[in-house]
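Protein chains in written order, with my numbering: chain A, 1 to 231; chain B, 232 to 462.
Calculated directly from the structure, the hints in this document are not laboratory data. Keep in mind that this is a model prediction, so the values were computed, not measured. A hint or two may mislead.
Stated by the list, open to error - The list that follows gives simulated cross-link-like pairs (lysine-lysine, DSBU-like), each with its CA atoms no further than 30 Å apart:
(1) B:LYS422 / A:LYS143
(2) A:LYS191 / B:LYS374
(3) A:LYS143 / B:LYS374
(4) B:LYS422 / B:LYS374
(5) A:LYS191 / A:LYS143
Unchecked claim - Selected chain B positions facing chain A (in silico; Cβ < 10 Å):
(6) MET250
(7) ARG267
(8) LEU376
Backbone N, C-alpha and C fix where the C-beta goes; we use that ideal spot for every residue, glycine too.
There are 2 protein chains.
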Amino acid sequence: GHMIVLGWQEGASQQLLSMLSGERASDEALPVLVSRSLAQNPMSDQIDFVRAERLADPEALERAGISGARGVVVRGENDDETLAAALVSATLNSSIHVVAYFEYQRTAEIAERQAARIETITSLSPELLVRAARDPGSSQVAKLLLSASTADTAFSMLLPEGRAPIRYGDALIGLRRSCNATLVGVGRAGKVDLNCPADDPISSGDTIYYISDNRLDAGAIDWSAMEGAGR
Amino acid sequence: GHMIVLGWQEGASQQLLSMLSGERASDEALPVLVSRSLAQNPMSDQIDFVRAERLADPEALERAGISGARGVVVRGENDDETLAAALVSATLNSSIHVVAYFEYQRTAEIAERQAARIETITSLSPELLVRAARDPGSSQVAKLLLSASTADTAFSMLLPEGRAPIRYGDALIGLRRSCNATLVGVGRAGKVDLNCPADDPISSGDTIYYISDNRLDAGAIDWSAMEGAGR
Ligand SMILES: [Ca+2]
Ligand SMILES: [Ca+2]
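Taking the hints into account, I'd like the entire structure generated from these sequences.
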């Protein structure tokens, strides 16, 4: 599946679309931009383009291929537009991952209440300023973790089905030894916990977050060989 | 030393000042806000206040106690104001840590060229949207790491003087065992590297970044006991 981007802001959207395009899997089609402010494709070498009257227009979303897409990134002109477009996207494809940027925390909370599947993003600038003020260099840490174009990115991995649970402590040591990656935490049922206790079990269907220079292939990892590594 | 905040934006600054105030060390005075748009202290129970004609006014900064401060956080009304205030702050106190928020990457680069001590922050929203689109839950990871009011925060620690270097691999295992913390990387001479090779030495004067529920006390850690832990 491909990625769909709803909404266009000069500068920020360009950067976002370039990054999405640069991180495509080998069999992944170009990202599709849906915009109502642009007359034509602003980056025709890197993306596909659909013009819409409204971002929340189901027909435009169908033309953008939402039924076969892997994810939607929404950033409208304001929170109302973003909320409407995010909710319509989630309705049109029940398995798609929807990420939406909101200016106000209150609108983000409403979006999450309406559809728990929507991952909401608000500006983390106040948090980033405080962290950098207390812990110099934190802005570099955050930038590295978020940017896949640099080394040291925080990727995620869904644990494959049909495997025995593995202790968090064993996975931490095992992933360092076998994959040169640092395990940072686990996501389960929409909740993320980092730096987990060593005896916590990680099971099929859990998502792990790890720092690595490249995305790892869950299927190529010998999980059973890690057993006891962290004792 | 205390913290100084230059510039006031309704909402964002309130959040920032509350967080700074909440993270004070036991012997640390209240943060001081310097603003030219406010007539009086907007949060008199949590901060001190200095009114200024210009954010970059040396006299106002002296009144805010810049010579004894530990850090300055700058977010002006625009990048010009931020740049001026950040540079004047760095000039008035040669050991202070200056963190400044810029709207444009280009202005941030100019600030860094003028004074390498200035830690510049720009919006990480495009990076955050892409990361969350590719790796669901990443927004929660970033939020946890940046917020000291939640568990799982990314803190930093300066390695004390007069100790023998320790292997990165030993420190990773040792900090998990003795302090329940996950080592994520090392900062040295203004450069940050995460997920370092196991044999990399960490020395006095290096900064380490780690995930923990609480800030650790570098002096209370038995570094020598970690030797060989990661072999
Ligand atoms: Ca935890
Ligand atoms: Ca690295």
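Which numbered hints turn out to be false for this structure?
-> 7
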